[in-house]
Structures are given as structure tokens and as C-alpha cells.
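Colleague: As a plain string of letters, each chain reads:
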Amino acid sequence: MATPKACNNFIFIIRDEVEKEKAGIIIPGKGRVKPSRGEIFSVGGKVTDPDIKNGKGKKAIFYAGIGQEIDIDGTVYLCLNEQEIIGTI
Amino acid sequence: MISVNGKILVRSNLSQKDTMVINGVSFKLAPKFDSNFRETSPTIATVVTGNRFLKKGDIILCHHNTFYEPSPYRVEYDLFSIPYDKIVFGTLDEHGNISPLNGNTICQRIPIDNRPEIPIQYRKTFIDRATVLDARWTPYKKGQTILHRLNAGYDIVYNLGGVEYRVTKVHESQIVGILE
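Chains L and E supply the protein sequences, listed in that same order.
Here this note's numbering = 1-based position in the first sequence + 1378.
Here this note's numbering = 1-based position in the second sequence + 14.
So here's chain E without its partners, still in its complex pose:
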């Protein structure tokens, strides 16, 4: 089967965020009770029928509002037909490293207050700037500070092999400038 209209066929495990491995111990989670869907919804899928950028078997990272039970993209139980240019953020290797696609840049948020006595999770970060970690296919360079639209940074949470990863992505169209 060949996908048409810029769509690709993917398979996604809908319970991929139900287990997490911490220090070698596997924990069963109950993410469906969490109200933050970025944390709970599945984001990883495997390509079944790709296009010229993706081949069969590639692991891709998608938007968190894609893989759920009454999803409009759903074909059958774990098979989804998704538009490539809107939903796919990048591909993943076996170690969980992401390679961005579709004009996305992988960034790191910049903390406003760097005092060591404040725990990392309570440090506030800028909502209009970030540091580029990976920006292939875009004109930005690694380590560069980009300025973007307010709150344009999108946090992706994914669970690969029981290990949870978090990255922030900014789309190229949301970048307003760079710092030199």
C-alpha cells in the first residue's frame, strides 16, 4: 500500500507510557488519571508505510493529540494514518536521540534564575527564548540563542524502552530572531 495526500501509516502502542524504569526497577504508572495530556498521551509510533523522508520501521515522534481511541487518524486498533507535515516532529534512534524534521528545532529552555539553592523544577524559564540543541534542515546553529513567539516552545515527553525523555521543540515559523 502507498500512502497518498501527504499521509503516512504508522503503528503506535497506546499504553507506551504505562511503565517506567527507574534505577533498573520497572514501575507501573496510571497516566490516564493525569490531566496533562502532554505527559500522558502516546507520542511515539513506528512507520508502516512512509514517504521519501521516512522508511518502514523508523521510529517517529508525533504530536500528543494524535494517538488515542476515537482519534480521527485511527484506521484500526493501533494503526493510524497521519499527515506527515503537521504531526511528525522528528525521528528517534535506539538511544532516544531525536533528529528533527519538518522545520522543527530542538531547544533547551533558558532559566531566568540560576541560583543553585532553587531546585531545577522550580526555576522559571524564559518564555520567549531558547538555546538550540539540534536544528538540522533549518538555518540555525547548535548553541545559538533564538528568540521566538511567546510560549512557542512545545515540551514533548516520550518514553522509549521504559526511560522517559523530555525535549522542547520550536517550529521554524515561530522564530522571530537570533541573538548575536
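With the rest of the complex left out, here is chain L:
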């Protein structure tokens, strides 16, 4: 199975799972909101921020509705620029 490795100042993130149920009520597909946080999977070599650079495996928060989704063997990775990350947890 091929795994992606980020280049330049890009970061690959595996987004947290979408909430399908809230307080026992199933949320329909249209109402589901993609969370704007996820786990850092791979960090490109030109990333300058030390927190992101050493942040593999950490949770990151980013702006909603941003980034490019890349599907590799069924796993969806979110590709973000360094500037698009708000912070790490």
C-alpha cells in the first residue's frame, strides 16, 4: 500500500471522523459538518514553523472548507499549506 509523503511547505492531515450522530439523533448527510481538525500525517521539508515541523502525530486545527483532498487507496488525506494551519494541540 502506497503512503504519501509531503513535499515543499505542504502538510498531509488525516481529518477526524465526521460526526454522524448527536445526542442520539442521526444527522443526515447534508447536515454533517466536516471537522476542521485532524492528525498530522506527514510534513514537508520546507515547513518552517517548529511546532508543525515536529508535529507528526499531533492534532492540528485548520480553517474550515480549506485544502485539497487526496484519495490514496481509500484513505483521504487533506493537503494543506503551512499557512492554513491555525494551531496544534
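Hints may contain errors.
Examples of chain L residues toward chain E, derived with CB under 7 Å [unchecked claim]: (1) 1382; (2) 1384; (3) 1387; (4) 1443; (5) 1448.
None of these hints come from the bench; they were simulated from the model.
Keep in mind the model is a prediction, meaning the values are calculated, not measured.
Glycine residues also receive a C-beta, built at the ideal position from the N, C-alpha and C atoms.
Start from chain L and add chain E according to the hints.
Modeller: What follows is chain E alone, placed relative to chain L:
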């Protein structure tokens, strides 16, 4: 004459895509009626005054929006002064093989559906990944699969010696990752 401000002087035949040789027969084309400018606009030029990377007489491959009649780069009829780092994609040898320059990588699109019953021209390809064919001056290797920004692949069509060639290039800055 020495070009300054990172520019080079080139000559380009503006009717270079008007003829094509197929199986030894020369066909006259009417590309000016085609609306796809990547197919119709001239892309090949010969260096008149180069820089430290290009010498006089080199054949270069340029962006398709460079060589046309009211072009801002035009000096006289077929003489153009073009910025080296933005417009030049690579050099060509006499057989039409391209050597990329300026951080460009020559790639091949990856088809989504490889069923043989579908003609090649109708097979859809990925818009976010490609296989590297030639990537000198960049850290990527031949045969490697790169992931790039959506639709970052730029198709170049050029006609050398009556033979049409097509390659896809991706700039280094548009590459987001590689597959290992």
C-alpha cells in the same frame, strides 16, 4: 547585444504549427480556427542571445501565450524578448526530446480507468497525480508518482520537423507530495 533583467532574445516561427507530417505525407493545417490555444499557438523558439543556461542556437520550449502578433514580448516580426524564469520550460534536442529547466518536471498523466476497450483519448486521468518522466534539477526521480495541486499539470503541444509531440509538465512549486 547582451540581454539584461533576466530576459533572453529568441526567434520564433509563428507558422510552426501550420504543417504536420503523418506517415511521410505533409498536411497543411488551419490551426488559427481552433479555439484551444495550447494546440494552435507557437511554443518553440531558437535562442539568439542567451544567458548562462542557454547558448545561441538552442531550441527552447515556451509557454503558449508568448509568441503571437501583438505580444508584449515582441521586438520585431519574429524576434521576441522573453523573461527566462517564467516562460521557458525546457530545451529540445533534434529528436524532440525535452530537458526541463526552471524547476519544471516532465510527467505522464495516470489513467483512472485502464480498460483496453476504451480508446486512449477517452480514458480519464487523475487531476492530482502524475508519473515523473524527467525531473533534472529537482529532487524527484524518474518513475516516481508525484501528487500535485489540482489541475497543475500543463499540457504542452509542440511541432518539431513536422512531427507533433505532447508532454505534460508540473512545476516544482505545485508538487505537494510523493507516493512511497
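Colleague: For each hint, tell me whether it holds in the structure or not.
Modeller: Tested hints:
For residue 1382(L), the suggested interface contact is upheld, since its CB lies about 5 Å from the closest CB of chain E, less than 7 Å. Using the Cβ-Cβ criterion of 7 Å, the hint placing residue 1384(L) at the interface with chain E is satisfied: the shortest such distance is roughly 5 Å. Because the beta carbon of residue 1387(L) sits about 9 Å from the nearest beta carbon in chain E, more than 7 Å, this interface hint is broken. Violation of the interface hint for residue 1443(L) is found here, the shortest Cβ-Cβ separation to chain E being roughly 15 Å, above the 7 Å cut-off.
Annotation: interface hint on residue 1448(L) holds; nearest CB of chain E at approximately 6 Å, less than 7 Å.
Comparing the model with each numbered hint stated earlier shows that hints 3 and 4 do not hold.
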